[in-house]
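K.L.:
Whole structure, please, built from the sequences with the hints as guidance.
There are 2 protein chains.
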Amino acid sequence: MTQTLRLGIAGLGTVGVGVVKIIRRQAAMLEARTGRKIEITAVCARDAEKDRGVSLAGYAWETDAVALAKRDDVDVFVELMGGSEGTAKDATEAALAAGKDVVTANKALLAIHGQALAEQAEAAGQVIRYEAAVAGGIPVIKSLTEGLAGNEITRVMGVMNGTCNYILTNMEAKGQGYNALFDECAELGYLEADPNLDVGGIDAAHKLAILSSIAFGTKPNFDGIDIEGIQRITLEDIHQAADMGYRIKLLGVAQRSARGLEQRMQPCLVPVNSPLGQLEGGTNMVVLEGDAVEQVVLRGPGAGEGPTASAVLGDICDIARGLRIPTFGQPATMLEAAQPARTGLPAPYYLRTALLDKPGALAKVAAILGDAGVSIDRMRQYGHTNGTAPVLIVTHKTTRAALDIALATLGDTDVVALDPVALRIEEV
Amino acid sequence: MTQTLRLGIAGLGTVGVGVVKIIRRQAAMLEARTGRKIEITAVCARDAEKDRGVSLAGYAWETDAVALAKRDDVDVFVELMGGSEGTAKDATEAALAAGKDVVTANKALLAIHGQALAEQAEAAGQVIRYEAAVAGGIPVIKSLTEGLAGNEITRVMGVMNGTCNYILTNMEAKGQGYNALFDECAELGYLEADPNLDVGGIDAAHKLAILSSIAFGTKPNFDGIDIEGIQRITLEDIHQAADMGYRIKLLGVAQRSARGLEQRMQPCLVPVNSPLGQLEGGTNMVVLEGDAVEQVVLRGPGAGEGPTASAVLGDICDIARGLRIPTFGQPATMLEAAQPARTGLPAPYYLRTALLDKPGALAKVAAILGDAGVSIDRMRQYGHTNGTAPVLIVTHKTTRAALDIALATLGDTDVVALDPVALRIEEV
Chain A
704 MTQTLRLGIA
714 GLGTVGVGVV
724 KIIRRQAAML
734 EARTGRKIEI
744 TAVCARDAEK
754 DRGVSLAGYA
764 WETDAVALAK
774 RDDVDVFVEL
784 MGGSEGTAKD
794 ATEAALAAGK
804 DVVTANKALL
814 AIHGQALAEQ
824 AEAAGQVIRY
834 EAAVAGGIPV
844 IKSLTEGLAG
854 NEITRVMGVM
864 NGTCNYILTN
874 MEAKGQGYNA
884 LFDECAELGY
894 LEADPNLDVG
904 GIDAAHKLAI
914 LSSIAFGTKP
924 NFDGIDIEGI
934 QRITLEDIHQ
944 AADMGYRIKL
954 LGVAQRSARG
964 LEQRMQPCLV
974 PVNSPLGQLE
984 GGTNMVVLEG
994 DAVEQVVLRG
1004 PGAGEGPTAS
1014 AVLGDICDIA
1024 RGLRIPTFGQ
1034 PATMLEAAQP
1044 ARTGLPAPYY
1054 LRTALLDKPG
1064 ALAKVAAILG
1074 DAGVSIDRMR
1084 QYGHTNGTAP
1094 VLIVTHKTTR
1104 AALDIALATL
1114 GDTDVVALDP
1124 VALRIEEV
Chain B
704 MTQTLRLGIA
714 GLGTVGVGVV
724 KIIRRQAAML
734 EARTGRKIEI
744 TAVCARDAEK
754 DRGVSLAGYA
764 WETDAVALAK
774 RDDVDVFVEL
784 MGGSEGTAKD
794 ATEAALAAGK
804 DVVTANKALL
814 AIHGQALAEQ
824 AEAAGQVIRY
834 EAAVAGGIPV
844 IKSLTEGLAG
854 NEITRVMGVM
864 NGTCNYILTN
874 MEAKGQGYNA
884 LFDECAELGY
894 LEADPNLDVG
904 GIDAAHKLAI
914 LSSIAFGTKP
924 NFDGIDIEGI
934 QRITLEDIHQ
944 AADMGYRIKL
954 LGVAQRSARG
964 LEQRMQPCLV
974 PVNSPLGQLE
984 GGTNMVVLEG
994 DAVEQVVLRG
1004 PGAGEGPTAS
1014 AVLGDICDIA
1024 RGLRIPTFGQ
1034 PATMLEAAQP
1044 ARTGLPAPYY
1054 LRTALLDKPG
1064 ALAKVAAILG
1074 DAGVSIDRMR
1084 QYGHTNGTAP
1094 VLIVTHKTTR
1104 AALDIALATL
1114 GDTDVVALDP
1124 VALRIEEV
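Line order of the protein sequences matches chains A and B. To convert a position in the first sequence, counted from 1, into this note's numbering, add 703. To convert a position in the second sequence, counted from 1, into this note's numbering, add 703.
Mixed in with the good hints, there may be bad ones.
Taking CB as the label site, the calculated pair distances span [what the hints assert, rightly or not]:
| # | chain 1 | residue 1 | chain 2 | residue 2 | range |
| --- | --- | --- | --- | --- | --- |
| 1 | A | Arg749 | B | Asp994 | 24 to 32 Å |
| 2 | A | Ala731 | B | Thr707 | 35 to 43 Å |
| 3 | B | Asn976 | A | Asn1089 | 38 to 46 Å |
| 4 | B | Leu1121 | A | Met732 | 46 to 54 Å |
| 5 | A | Ala800 | B | Thr707 | 30 to 38 Å |
| 6 | A | Ala945 | B | Lys877 | 22 to 30 Å |
| 7 | B | Leu1048 | A | Asp1122 | 51 to 59 Å |
| 8 | B | Gly716 | A | Arg962 | 33 to 41 Å |
| 9 | A | Gly878 | B | Glu939 | 46 to 54 Å |
| 10 | A | Arg962 | B | Glu983 | 31 to 39 Å |
| 11 | B | Glu983 | A | Gly1076 | 30 to 38 Å |
| 12 | A | Ala800 | B | Asp994 | 46 to 54 Å |
| 13 | A | Ala800 | B | Gly1025 | 53 to 61 Å |
In silico EDC-like pairs for lysine to aspartate or glutamate, Cα to Cα no more than 20 Å straight-line [what the hints assert, rightly or not]:
| # | chain 1 | residue 1 | chain 2 | residue 2 |
| --- | --- | --- | --- | --- |
| 14 | A | Lys922 | B | Glu734 |
| 15 | B | Lys724 | A | Asp994 |
| 16 | A | Lys724 | B | Glu855 |
| 17 | A | Lys724 | B | Asp897 |
Bear in mind the hints are in silico, worked out from the structure with no lab data behind them. The model shown is predicted, which means the values in this text are computed figures rather than measured ones. Note that CB positions come from ideal geometry on N, CA and C, so glycine has one too.
P.N.:
Pasting the structure below:
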């Protein structure tokens, strides 16, 4: 394995440029570490004329990523375009068909089409590496797939969307509402073209689907994830959570029990003194729990040129060093179909609603919760403003199913002025 | 690579038994993940009759680890005996000479003899893996060597001795002194046979020497580490640090600058709100900083049967999957001799001493510091008890060299009643 490893890079946005910079600047270091020269032979992006702040001299230009993927002088197709459909998918399939290994940062592609791509790659003896697809610079794919390979994984959790964590921590730190911080993120360029990918929890759920598959030996099952965004979180929720010793995080949890595979990406309350509770700004954190290792917590930058390029380079070095393992840590043909849990493990919940100014309103709420088997730990009603009174409730442990029955029944009454916000209080 | 991978395990203490348990219990999982059967063919320990709580039926018994290492039916020699000299070293050398790969948890062996062993292994085409040698269950060797392979590492830091962190955090939490907690650790079995390995910082320094070598491409240089234990830390230090917003941790730092390679394992003050400051009990934490990735923080159990066995199994799975990389991440023959920095980077320091009840004593201390170029940020003298008065000083940034000159001069005066304690305040 002493011959040069030749890369074709599709996509020259922030991450692609970061990868080019490292390969140009650190050629000697990379060769010392992998025993091979690592070189870019061809690149592909929409605009060949744009100044990207790095020299692209000496690289062949392709305008078509599929053509790049098939080039004879490319050993590894590095896909940094993004998107689950279209060119990224076509070019990845073409690369595998042409006998190339693939390195990608594309979480959506793997969450949606990972199973088919893994089967194609493994049938052809190729590998797909995707460290940059989950939690940016944190080597979490490697830690889970390789470092913890001796563990039966019991739970995976993570805060994996920096924009959501930036909004939530700054609501508390700056006392600004969700909308103001959403606008700030838009101005700072922190949001995807479709912001719902971020604040709606979809981007983070793509990542969770990938981690789940590795952790539990199941086919990636994005559709099986309960996804809820952070759009309805108010300053009131943030402050109430803080009063009780919690912070609100968009937290992904994947857990397998006798009930099946539970996958959630939802705003949750976590203890303020836990590593997850203390995570601020755009930083990511993944918690891996296994039967032998107990708990490992990984923290680092979830995005940005350097951190994401670092993850891509880690994959490239792995391939240069000859590491060849199945995409999701075991042969794709052995992955089981995920059996989504009908109902998640019980937990306490935080509820916020508002009641109309009617006699017996609060009693009705309490009765409906009790009838559904949801027991109340704490309840607080505030004074009426404009005819409605905010109500906060913390329940004892209950299943989401029981809670949903109670919330549906509440909705049918004539006393509730606000569709309730229900946030799980997660044991971390 | 579909044939069975056959292990010979030397050492059946806590970790060895943990490894045996996982291999017996998770045979199918390990085969699914690595594509090969993983089997133990032979074991070696002092007492063949002892009940270890796990069946050893079907394994050949050796009383001599060297003989185990040479067996024809062993592919991987798993060294879990410990100790830098004697049998562990002899058997590891014998295994490599006999064409076996080696998996070890032995930090002392690698810190002291790692260079020679790596050269022997690489010349013979064998690999040495040692994830369990540093920070127990945390996959830090893998993260640094592989995950961050695209980075020029700028700094590595870690709290890597759980016993010391247990003592330091419980001094604050329980208000007990060092000696009481040392005795508690002895009773709980948290201490090595030679407790100075723990509280003297030597065990943690072994780990730092290994991380340094990978991070900076230098030969492991344990002798180049400035080591200081936690034995002189008092409750007073803990409380004063807390008052200023810090916690005291036995912190390892390795950093390369134009001055050379700086390696320290010393009690330091770190901000209470930093991940390192928040680390409690026996948990370990390693902070990896690179030019691309910025900062990654890894946290997990630093010891114990399950976590350490998890790390050993990770290495075994890597070998089963065909991962073959040089011991310290690049060929041992390419590692440079470490050039220890003559003086470390400047930092503020916390000083505690006691003065005799003599006129002008405090003025003399202040003058000596000033003459050495050490500028005082804060100073506090308490009332005299039994003829001596405690004095606390926080300096502005200074080099350790300047500080040492001041402390030596202080020692020559007739006013100091207590050899000063000097703790670096680390920017984390």
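K.L.:
Each hint should be assessed against the structure and marked as holding or not.
P.N.:
Structure-based check of all given hints:
Roughly 29 Å separates the CB atoms of Arg749(A) and Asp994(B), a value that falls within the hinted 24 to 32 Å. Range check, Ala731(A) to Thr707(B): Cβ separation about 40 Å, and the 35 to 43 Å hint holds. The supplied range of 38 to 46 Å is met by Asn976(B) and Asn1089(A), whose beta-carbon atoms lie about 40 Å from each other. Distance hint check: the CB atoms of Leu1121(B) and Met732(A) are about 48 Å apart, consistent with the given range 46 to 54 Å.
At about 34 Å, the beta-carbon gap between Ala800(A) and Thr707(B) stays in the expected band of 30 to 38 Å. Range check, Ala945(A) to Lys877(B): about 28 Å between beta-carbon atoms, so the 22 to 30 Å window is met. Against the hinted window of 51 to 59 Å, the Cβ-Cβ separation of Leu1048(B) and Asp1122(A) comes to about 56 Å, which satisfies the hint. Between Gly716(B) and Arg962(A) the C-beta distance comes to about 38 Å, which sits within the given range of 33 to 41 Å.
Remark: the range hint 46 to 54 Å for Gly878(A) to Glu939(B) is contradicted by a beta-carbon distance near 38 Å. Roughly 33 Å separates the CB atoms of Arg962(A) and Glu983(B), a value that falls within the hinted 31 to 39 Å. Checked against the hint of 30 to 38 Å, the pair Glu983(B) and Gly1076(A) passes, with Cβ atoms roughly 37 Å apart. At roughly 36 Å, the beta carbons of Ala800(A) and Asp994(B) sit outside the given window of 46 to 54 Å.
As the Cβ distance of Ala800(A) to Gly1025(B) is approximately 24 Å, the hint placing it in 53 to 61 Å is violated. In summary, the hint linking Lys922(A) to Glu734(B) is supported, as the alpha carbons are separated by about 18 Å, within the 20 Å threshold. Restraint check: the Cα-Cα separation between Lys724(B) and Asp994(A) comes to about 12 Å, which is no more than 20 Å; the hinted pair holds. Straight-line distance between C-alpha atoms of Lys724(A) and Glu855(B) comes to about 13 Å, which keeps the hinted pair within the 20 Å bound.
About 49 Å separates the Cα atoms of Lys724(A) and Asp897(B), which puts this hinted pair outside 20 Å; it is violated.
Consistency note: the structure conflicts with the earlier hints numbered 9, 12, 13 and 17.
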